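Protein chains: 2
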Amino acid sequence: MASAFFMPDDGRRFIIDALSAVGVPQGDAQTIADLMILTDRRGIDTHGIARLPVSINRLKSGAINPTPKVRILEEAPSTALVDGDNGMGQVVMSFAAKLAIEKAKTNGIGWVGTRMSNHAGAAALYAMMPLAHDMIGMYLAVAEINHMAPWGGFEALLGTNPIAVAIPTMDEPPIVHDIATTVASNGRISAAAESGTPLPEGWVIGKDGKPITDSKRAGEGTLLPMGDYKGYGLGLVFALMGGALNGTPVGRDAGTGNRAPPSNTGQAIMALDISKFGPPEQFKRYNDKVVREMRESKPLPGVERVRYPGEGGHAKYVASAKGGIALRPAVHTQLDKIAETLKIEKLTLKQ
Amino acid sequence: MASAFFMPDDGRRFIIDALSAVGVPQGDAQTIADLMILTDRRGIDTHGIARLPVSINRLKSGAINPTPKVRILEEAPSTALVDGDNGMGQVVMSFAAKLAIEKAKTNGIGWVGTRMSNHAGAAALYAMMPLAHDMIGMYLAVAEINHMAPWGGFEALLGTNPIAVAIPTMDEPPIVHDIATTVASNGRISAAAESGTPLPEGWVIGKDGKPITDSKRAGEGTLLPMGDYKGYGLGLVFALMGGALNGTPVGRDAGTGNRAPPSNTGQAIMALDISKFGPPEQFKRYNDKVVREMRESKPLPGVERVRYPGEGGHAKYVASAKGGIALRPAVHTQLDKIAETLKIEKLTLKQ
Numbered sequence: 001m002a003s004a005f006f007m008p009d010d011g012r013r014f015i016i017d018a019l020s021a022v023g024v025p026q027g028d029a030q031t032i033a034d035l036m037i038l039t040d041r042r043g044i045d046t047h048g049i050a051r052l053p054v055s056i057n058r059l060k061s062g063a064i065n066p067t068p069k070v071r072i073l074e075e076a077p078s079t080a081l082v083d084g085d086n087g088m089g090q091v092v093m094s095f096a097a098k099l100a101i102e103k104a105k106t107n108g109i110g111w112v113g114t115r116m117s118n119h120a121g122a123a124a125l126y127a128m129m130p131l132a133h134d135m136i137g138m139y140l141a142v143a144e145i146n147h148m149a150p151w152g153g154f155e156a157l158l159g160t161n162p163i164a165v166a167i168p169t170m171d172e173p174p175i176v177h178d179i180a181t182t183v184a185s186n187g188r189i190s191a192a193a194e195s196g197t198p199l200p201e202g203w204v205i206g207k208d209g210k211p212i213t214d215s216k217r218a219g220e221g222t223l224l225p226m227g228d229y230k231g232y233g234l235g236l237v238f239a240l241m242g243g244a245l246n247g248t249p250v251g252r253d254a255g256t257g258n259r260a261p262p263s264n265t266g267q268a269i270m271a272l273d274i275s276k277f278g279p280p281e282q283f284k285r286y287n288d289k290v291v292r293e294m295r296e297s298k299p300l301p302g303v304e305r306v307r308y309p310g311e312g313g314h315a316k317y318v319a320s321a322k323g324g325i326a327l328r329p330a331v332h333t334q335l336d337k338i339a340e341t342l343k344i345e346k347l348t349l350k351q
Numbered sequence: 001m002a003s004a005f006f007m008p009d010d011g012r013r014f015i016i017d018a019l020s021a022v023g024v025p026q027g028d029a030q031t032i033a034d035l036m037i038l039t040d041r042r043g044i045d046t047h048g049i050a051r052l053p054v055s056i057n058r059l060k061s062g063a064i065n066p067t068p069k070v071r072i073l074e075e076a077p078s079t080a081l082v083d084g085d086n087g088m089g090q091v092v093m094s095f096a097a098k099l100a101i102e103k104a105k106t107n108g109i110g111w112v113g114t115r116m117s118n119h120a121g122a123a124a125l126y127a128m129m130p131l132a133h134d135m136i137g138m139y140l141a142v143a144e145i146n147h148m149a150p151w152g153g154f155e156a157l158l159g160t161n162p163i164a165v166a167i168p169t170m171d172e173p174p175i176v177h178d179i180a181t182t183v184a185s186n187g188r189i190s191a192a193a194e195s196g197t198p199l200p201e202g203w204v205i206g207k208d209g210k211p212i213t214d215s216k217r218a219g220e221g222t223l224l225p226m227g228d229y230k231g232y233g234l235g236l237v238f239a240l241m242g243g244a245l246n247g248t249p250v251g252r253d254a255g256t257g258n259r260a261p262p263s264n265t266g267q268a269i270m271a272l273d274i275s276k277f278g279p280p281e282q283f284k285r286y287n288d289k290v291v292r293e294m295r296e297s298k299p300l301p302g303v304e305r306v307r308y309p310g311e312g313g314h315a316k317y318v319a320s321a322k323g324g325i326a327l328r329p330a331v332h333t334q335l336d337k338i339a340e341t342l343k344i345e346k347l348t349l350k351q
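Chains as they are written, first to last, in our numbering: chain A, 1 to 351; chain B, 1 to 351.
This is chain A alone, in the form it adopts within the complex:
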């Protein structure tokens, strides 16, 4: 079945309508819509509008607070701990990122952790927020549900805990690296199950230590860490820096099923002001040089061209302005159901 497409502005309108219908104030609804659409435009179709149905359900049931009072719990000149009051992750993290950027402007670096937050969508978005201020951004999040076993084990005790880093450039698209610490993100596995595509070996293993390739059976196994023990260690330290430090659950407290709300998700964002190390233009031009070297370097046999992290997402972003955003059939069905239940206009598709 061919995918339908929608235009960014239409998607944005639909998201705002849906969120408003479940009690999210206009300003917050716009923030969330902008971030979801930006995610889709950069081609991360598992973390954009595809997550709206889950969010709407949780907002309706009270599992997520539609009108949070986000506030600072602890503060030092360059750090802060933010309580998200169980609001949407996009709202909490936008607050946290703004605060980290302000602190970096004054002191060179800012680090803000969150508690009582929720899933905030793609990690890249928050790492990218400092870019416009000539800053490097780094974002860590603790996934709500445990899917990864420690290396050598089979009990799921860690999430897919992602890291994203964004680095400013001058004329080239910014360097944006956004990865789960598991080989595959949970979103990609759900998408495979949805379309009935088998999983490559190395994504999921069963209790017997053997690969599970049937995507419908992924839930019986645990996700493998990227780079074996290296990814396990990164997932663990990121969980402690982005979660436990902020007082959010890690390990058995986080659980493997859908925990009773609130999810109490933990995140952390760092902004590092490049102007405190020399002229920003110099660093940004140097980064242009480095990514061009990568891009123009000789590819291995069978590889068309070497890429650098962020260039693909940027190209998709540019293309989506005219070509729109692809909508997977299963997501399309869910969005239509939302429209019906909430009595809002259906998402307008691209003709």
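Hints may be right or wrong, so weigh each one.
Heads up, the list lumps identical chains together, so a pair's fine if it works in one copy or across two of them.
[As the list claims (entries may be wrong)] DSSO-like cross-link-like pairs, simulated, lysine-lysine; straight-line CA separation at most 27 Å: (1) K343 - K284; (2) K60 - K207; (3) K207 - K350; (4) K337 - K350; (5) K207 - K289; (6) K298 - K210; (7) K284 - K105; (8) K210 - K60; (9) K69 - K350; (10) K346 - K289; (11) K284 - K350.
In short, the hints are calculated from the structure, not lab data. Note that the structure is a prediction, hence the values are computed from the model and not measured.
Knowing the structure of chain A, use the given hints to seat chain B on it.
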């Protein structure tokens, strides 16, 4: 051939004697010796006393400055850029770590970058320095020589650029994760070549995209990134954050051979004060809980026990107090040569 062993204090004395003989001041020689021996005691035998011969050669030839004037070039309340004056990496990085810790004490976080530094030994050492101050430590370094190709390419344009993160605990050994962004570090490949051991597939590939398993031929290929494109991206962003931001070479400027001195190595250290997020004891006890859960979780068939990053290094550290440190035959020969050339006493071996 069975390994010889030496006791930590004897190793320390030998390193101080050797460094003093090539003009390193007493205080700096002690700093370097303490860090090299700590590296060996934690079982990272490729980055401790094994690197002394290279360092001595470079100090003698003037490729490294034995009497550097390490100074702050740029400074903001929570950040600094340090010029290492081409001194030994251990001296430059000890200065940088102390500064980052001071800044974190006042402001919650400190980030210090270095330029005109040199190889500083194991990354874990610097990440661990903030631990005693109830801080999380993170360290990035740009390896001097390019060994890794961007994912999909075969030109070596990046180093093995490591990251190390250390997180304080209460009663358990601290969590210390120290990894190269390549599957194998260059030190492990040299050690394999030294002992004639073949390389596992997945460490090195040739220009034809096929694995190189003959350790003597490793130089013909490039090191593979851990976790495929994920490790490539991490190696790239760490190089920019730990190197280019500080004005040190990345990409083609870094080169694939032994560049003409100075090596102008770049590093970065971050210290994050956990007391700015809540009572330190609470976080440290929670980390104890998490690592115990990992350790006590069910292992896969054929795995004896699940481990967490840092526990193995700590156990080796404790054992080395009585059992000493193993000395590889090739390193032993080199150290004896140093003793002869510098007219200092040979390293005393454990009886």
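How the hints compare with the structure:
Proximity of K343 and K284 under a CA criterion of 27 Å is satisfied in neither setting, with 48 Å inside one chain copy and 50 Å between copies. For the homomeric pair K60 and K207, neither the shortest alpha-carbon distance inside one copy (37 Å) nor that between copies (56 Å) is at most 27 Å. In this assembly of identical chains, K207 and K350 lie within 27 Å of each other by CA distance neither inside one copy nor across copies; the values are 45 Å within and 45 Å between. In this homomeric assembly, K337 and K350 come within 27 Å of each other (Cα to Cα) only inside a single copy, at 19 Å, whereas the closest approach across copies is 75 Å.
Taking the closest pair of Cα atoms, K207 and K289 come within 27 Å of each other only across two copies (24 Å); inside a single copy the shortest separation is 47 Å, beyond that limit. In this homomeric assembly, K298 and K210 come within 27 Å of each other (Cα to Cα) only across copies, at 16 Å, whereas the closest approach inside a single copy is 36 Å. Taking identical chains as interchangeable, the C-alpha atoms of K284 and K105 lie at most 27 Å apart only when both belong to the same chain, with a minimum of 17 Å there against 31 Å between chains. In this assembly of identical chains, K210 and K60 lie within 27 Å of each other by CA distance neither inside one copy nor across copies; the values are 40 Å within and 54 Å between.
In the homo-oligomer, the alpha carbons of K69 and K350 never lie at most 27 Å apart, since the shortest distance is 37 Å inside one protomer and 65 Å across protomers. Taking identical chains as interchangeable, the C-alpha atoms of K346 and K289 are never at most 27 Å apart, the minima being 46 Å within one chain and 48 Å between chains. When the C-alpha separation of K284 and K350 is checked against a cutoff of 27 Å, the pair qualifies neither within a copy, at 37 Å, nor between copies, at 53 Å.
Consistency note: the structure conflicts with the earlier hints numbered 1, 2, 3, 8, 9, 10 and 11.
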